[in-house]
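Q: What follows is each chain in one-letter form.
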Amino acid sequence: MARDDGRSTLTRRRMIAGAGAAGATVLAGCTSTDNDGGTTTDELSGDIEISGSSTVFPLAEAVAEQFMKDHPQVDISVKSTGTGGGFENHFSRGRSQFNNASRQITDAEEDMCADNGIEPLELRVATDALTVVVNNEAEWIDCITVEELRQVWSADGPDTWQEINSDWPDETIERYGPADTSGTFDYFREEILGEEYNHSGDYQPTEQDNLIVQGVQGSEFAVGYFGFSYYYNNPDSVKALAVDGGDGCVDPSVETAKNGEYTPLSRPLFTYAAKGALAEEHVAEFARFYVEQSGKQELVADRVGYVPNTETAVDEQLAALETAIENAG
Amino acid sequence: MDEQSTDSAFAGVSRLRGRVFAALAKGASWLGILVLAWLLFMVVVDAFGLPAASVGWYLGAAVGFGVPLLAYGAYIRRTRPELGWIAVRSTIIPPGGLVLAGALFILFLVFEPVHWLTYYTVAVLPAVAVYGHFASREDTRAPLFATAVGVIGLVLGVFVDAALPVKPNPWVSLVWVLVVPAGAIIAWREATGDRRRQATIVGLTALGGVLASFVGPATVGVTPDTSVILYVAAVLPVGWYYGHVLAADRSAWPGLLAPVVAVLAIGLGITLGDLIGATGPDPVLDWQFLTSAPSTIPEDAGLFPAMVGSVFIITIVALVSFVVGVGAAIYLEEYAPQTGLGGTITRIIRVNISNLAGVPSVVYGLLGLGLFVNLIGMGMGIVLVAGLTLSLLILPIVIISAQEAIRSVPEEVREASYGMGATRWQTIRNVVLPRAVPGVLTGTILALSRAIGETAPLLMIGAATTVFRPPTGFASQVSAMPLQVFYWSFHQKSAFRELIAPAGVVTLLVVMLSMNVLAIYLRNRYEQQT
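Note that the protein sequences, when read in sequence, are chains A and B.
Sequence positions in the first sequence follow this note's numbering and run 985 to 1313.
Sequence positions in the second sequence follow this note's numbering and run 24 to 553.
Simulated from the structure, these hints should not be mistaken for laboratory data.
We put the beta carbon where it would ideally sit given N, CA and C, even for glycine.
Please note: incorrect hints may appear among the correct ones.
A few chain B residues that don't get close to chain A, going by computed Cβ distances all over 10 Å [as the list claims (entries may be wrong)]: (1) W108; (2) G120; (3) V133; (4) A316; (5) I320; (6) A351; (7) A486; (8) F491.
So, partial list: chain B residues that the calculated Cβ filter (under 8 Å) puts toward chain A [stated by the list, open to error]: (9) T314; (10) S318; (11) T319; (12) I399; (13) M403; (14) G404; (15) S431; (16) G485; (17) A487; (18) R492; (19) Q500; (20) Y510; (21) S517.
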C-alpha cells in the first residue's frame, strides 16, 4: 500500500484534502444543541413499572400510552402478571411502583409489603360491569333475578321464557352473547353460573357488541349481555334489565355500578401505588394522571370498556393521593 | 428358520417394504410441509388484509405485475442470458440494503452516533492505520500493535467522550463514521493502486453523504441521520454495483434494468388493480405497524419497541452462547480427559448437557429468575437478564452441535498437523476450527432462531408485556416480539386477535428467516474457503 514514490506523496496530500473537506462539514454541522432537539415540554423523566391484574391491564396500558405522549422523557412498562402475582413478585419487593388489582389487597399481601417497608395506597380506577339487555319492545320484563339469569344462560336450561317465570310469554329464548374467548364471557360465567353450571352453548356467540345488539333488536324474545360501555354509549338501542341480586331490582348505571349496588355484575378495579415511590415527581404525576383519567368517559369507557369513576369519586381519590404525596415528599 | 425360507422371504419382501417405507416417508414430509404452508398462508392473509381486496383487483394486479416482469425475463433469457445473474443481483441489492439500513437504524437508536464518533476517531481509526502501516511492511507484529493502540484509544475515548466540548449533529457523526469508511472500502476495492481515483471516490462518497443529509429531509421527510443511514446502506451499494458492472462491460446495462422493471411492475400492478377492482388489500403489516409503539387503539398499534427489544436480546444471546458454547465444546472435545476418572467425569458432563437440551423452557425461565434476579440482584425483566436467560436455554444445543462439528473433523488431519510439529493450540486454531466452523455456525443459528421465538422464559423473568419505547441500554425494561404477539392473541378486542397478532407473527417470522439466510450465507462462504 505505502510504497514511497513521488506520486504517492502527492496523492496523499489529495487524500488529506479530501479528509479535510469531510472535517469541514463536521465542523459546519457542530452545533451544541440538545441531542434530539425535541421540544421539551417539561422536566419530568424517569422509569415507572406497573404490574398486576390482566383485567386492569388494558386500562393501565391506555393511561400509560396517553401519559407518555405528554411526557416523552418518562418511560413506562406495563406487565400483566395477575393481581396476586403482581403483589407477591413485583410490588411487595419494590420492583414496581403500581400494582393493578381486580380485587382488594389481602391481609397476607399487605404483610408481605410491610415486611419490605412498602405501604400500598389503594386507588379505585374504574368499575367493570356487565349489562343484560332485551328488545325495546319487550314490555313483559324489566327486572331479572340472578337465579332467573342463571337459568336463562345455563347449559341444558329451559327453552322458553315461561318455563322460568310463569308471568313471561311462552316463547323460545333467543340468546346472544360474547364468544368464549372473551373476558366478559369469563366474568359472566364466574359471577352468574359459578362452578356448578355450564354456560349455555345454545346461543349466538360473537366478538362484537354491535352484533349482539342487532340480534337482540331483531326479536322481542331475545336476550343478550355485554360490557357496560356499549350500552352506556348507545342507551336507546336496546333495553337494559335491572338485576336483582337479593336486595331488590337495581338498574345498571354509572352510579349503581360504582357504589356497589349493581351486584353481582359489577366489581371495582384498583391500582395500588407504593406510597414511598410517590416521593418521586414523575411517579406522583403519573398517579395523579391515572386518577384523573379514571373519570374520563373517552378513555375508560370508549377505549377500554369499563365504567369510569364519578367526579366525586375522582376528587376523593385525588385528595387521598395528594395527602400521600405530601407525606412521601 | 431354514435357509430356503429366509432366502425367499428376503427376495419377496425387500421391495415391498422398501416402497412402503419410501411412500410413508414421502407422505410424512409432504404432510408436514403442507400443514406448515397452510398455517403460514392463513397468517399472511390476515396480516396483509388480503380478503379486503376484490377478485378484480387481484386480476388487474396480476396482469400489471406479471406482464412487464415476464417480458423482461424472456428478453434476458433469449438475447442476453449471460446477464441473468447481474439482473438477479441488482434486484436483490436494494431491498437487502434497506434491511441493513433498518439494522443500522436500530443500532444507532441505542448507541448515540456521537459516542460512535468519539470511539471511532480515537480508537478504531488509529488502530486501523497502525495495522495498515505495519502490515504493508509485512511486519508480523501488526495485529499486536493495532490491538494495543485500539485498547489505549478505547480508554482514552471514555475521557474524550465525557469532555467533548461541542456535540456534533448525529448526521455529521454518521458521515464521518459510516460514509467515509464505506467510501474508503469502495475506493480500495475498485481502484487498486490508483491513488488519484481512490481519493476521488472517497471525496465523492463523502460529498454524497453530506448531500443525502439535506436531500432526504427535503424530499422524503426523514431526519438527516436516517437519510445518511439510508444513503450508506441502500444507495451506496447500488451505485457501487452499477459502477462496477458498467466499468467492466458497458453493454451489460440491460441486466441493471431489473430493479427498475420490478418497481415499474409493482406500480403498474397496483394501478391496474385499482382501476379494475377498486378496493385493494388493507394490510395491517405496513410501515406504520413496524415503526409505532403498541397502542390500545388497533389502528395505531405497532411492534417497534418489541422488535428492537428482540434484536437486542438476541444480540446478547448470540454473543454469550457462541463464546461460552463453542469454548465448552472445544474443551470437551480437545482438552478434557477421555480416560480414567477424568474421562468418567467428562462422560457424565456430556450426558447431562444432552439432558439439559431437553429441559422445558419455563424451567430455564425460573432458573433465570432465581439466579440473575433473586440471587445476583439484577433488575426484573431487563435486557441483560432476558438475554442471559435465553443464552442458558440454548447453550446445551450450541454445545452439542459444536461438539458434533468438531468431532467430524477427521483424526488423520489432526495427526498430520501434530506430525508437522504443531502444538495442540496451533492444531485447534489452524486445522480443527476452520473445518468445524460451518457446522458450528449452523447449530448456533438454529438455536438462535429458537431463542428469538421463546415466550415462556421471558414471562418468568418478568419481561414487560407492553413497553412504549425501545430499550436504551442493557438495564432497560424490555418486551419482545413473541411476548407482544402472545398478549395480542388474547386481547379483548377482536381486531387485535384477528389482525394485529398475525401481523406480529409474520414480522417475527421474517426477522427469523433473515437470520437464517444470513447463517446460510456465512456457512457457504466458510465452506468455500476451506
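Q: All the hints need checking, so say for each whether the structure fits it.
A: Cross-check of the supplied hints:
1. Its beta-carbon lying about 31 Å from the closest one in chain A, B:W108 satisfies the requirement of being farther than 10 Å from that chain.
2. Residue-level check passed: B:G120 sits 22 Å from the nearest beta carbon of chain A, beyond 10 Å.
3. For B:V133, the non-interface assignment is confirmed: its Cβ lies about 14 Å from the closest Cβ of chain A, beyond the 10 Å cut-off.
4. The Cβ of B:A316 does not lie farther than 10 Å from every Cβ of chain A; its closest approach is about 7 Å, which violates its non-interface assignment.
5. The claim that B:I320 lies off the interface is violated: its Cβ sits roughly 7 Å from the closest Cβ of chain A, which falls inside the 10 Å cut-off.
6. Every CB of chain A is more than 10 Å from the CB of B:A351 (nearest about 32 Å), matching its label as outside the interface.
7. Interface exclusion of B:A486 from chain A breaks down, the closest Cβ pair being 8 Å apart, not more than 10 Å.
8. Here B:F491 does not stay apart from chain A, with its beta-carbon only about 5 Å from theirs, under the 10 Å limit.
9. Hint status for B:T314 relative to chain A: violated, with the closest Cβ pair at about 16 Å, above 8 Å.
10. Taken as an interface hint, B:S318 checks out: its beta carbon lies about 6 Å from the nearest beta carbon of chain A, inside 8 Å.
11. For B:T319, the suggested interface contact is upheld, since its CB lies about 4 Å from the closest CB of chain A, less than 8 Å.
12. For the restraint placing B:I399 at the interface with chain A, the shortest Cβ-Cβ distance is roughly 15 Å, beyond the 8 Å limit, so the hint is violated.
13. Proximity of B:M403 to chain A holds as hinted, the smallest CB-CB distance being about 5 Å (cut-off 8 Å).
14. Look at B:G404: its Cβ gets to within about 7 Å of chain A, closer than 8 Å, so that hint holds up.
15. Interface restraint check for B:S431: the shortest CB-CB distance to chain A comes to about 39 Å, outside 8 Å, so the restraint is violated.
16. Taking 8 Å as the C-beta contact cut-off toward chain A, the hint placing B:G485 at the interface holds, the least distance being around 6 Å.
17. With its C-beta approaching chain A no nearer than about 4 Å, B:A487 sits inside the 8 Å limit, and its interface hint holds.
18. Hint on B:R492 holds. Least Cβ distance to chain A is approximately 6 Å, under the 8 Å limit.
19. Interface restraint check for B:Q500: the shortest CB-CB distance to chain A comes to about 4 Å, inside 8 Å, so the restraint holds.
20. Because the closest C-beta pair between B:Y510 and chain A is about 7 Å apart, less than 8 Å, the hint holds.
21. Annotation: B:S517 was flagged as interfacial toward chain A, and the flag holds, the nearest CB pair being 4 Å apart, inside 8 Å.
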